[in-house]
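Undergrad: So the protein sequences, as listed, match chains L and Y.
Going left to right, the first sequence walks through residues 5 to 117 as the working numbering numbers them.
Going left to right, the second sequence walks through residues 804 to 916 as the working numbering numbers them.
In short, the hints are calculated from the structure, not lab data.
Every residue, glycine too, gets a C-beta built ideally from N, C-alpha and C.
Here are some chain L residues pointing at chain Y (derived, C-beta under 7 Å): (1) Lys46; (2) Val47; (3) Phe49; (4) Tyr104; (5) Glu105; (6) Phe108; (7) Pro110; (8) Gly111.
Below are the DSS-like pairs computed for lysine-lysine, each with C-alpha atoms no more than 30 Å apart in a straight line: (9) Lys46/L / Lys82/L; (10) Lys46/L / Lys87/L; (11) Lys871/Y / Lys859/Y; (12) Lys61/L / Lys82/L; (13) Lys46/L / Lys871/Y; (14) Lys870/Y / Lys61/L; (15) Lys873/Y / Lys46/L; (16) Lys46/L / Lys870/Y; (17) Lys61/L / Lys46/L; (18) Lys873/Y / Lys61/L; (19) Lys61/L / Lys87/L; (20) Lys859/Y / Lys873/Y; (21) Lys870/Y / Lys859/Y; (22) Lys859/Y / Lys46/L.
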Amino acid sequence: EPEVTQTPSHQVTQMGQEVILRCVPISNHLYFYWYRQILGQKVEFLVSFYNNEISEKSEIFDDQFSVERPDGSNFTLKIRSTKLEDSAMYFCASTRGSSYEQYFGPGTRLTVT
Amino acid sequence: GEDVEQSLFLSVREGDSSVINCTYTDSSSTYLYWYKQEPGAGLQLLTYIFSNMDMKQDQRLTVLLNKKDKHLSLRIADTQTGDSAIYFCAESRGYSSASKIIFGSGTRLSIRP
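Make a model of the complete structure from these sequences and hints.
TA: Structure (structure tokens):
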């Protein structure tokens, strides 16, 4: 069964460094999302992406964040200058577009030290 | 406002039914979801219901929606140890596939022998 994959599973970085989190959505899906879950808190929406542009973004998704679909398979989230409070589990999700079922990847745990 | 509320914990005996409850505040919710998160894993879509339905059944899972009271429940029949997980209630609004999903805090279901 097709699934969303994410790499790496765990990323440790120093404050101020840039990180890129990678996702491979399900192959025939057209809508892509990033969410994050700070330990012990709710899963929060960051951004949705369709047709090579951002559809919607939350207040969390400030100028330090960017997303890109550099080729036909990958979808990336870049954090330019990481802060301690960016430490969280980051989930990628995708949906076909003809349904409303968002399928989530296993997540990348980002630890900023 | 954006709010999805769930109780934090539920403990049931193996073989009994589990009922996880959720309330939401926005009457414009179009789809309501239940996701399951096992320890260290991602978010698995269990089921979802469109807001014009009041019930959906899928094998051991029954979803009930009371739109008037903005109340959603998930019933798991014959609860097994493999059902131990955190269950997230979630909603989306609008009819765009780019619509974000808003999550509750999750209910941790534990199974007693």
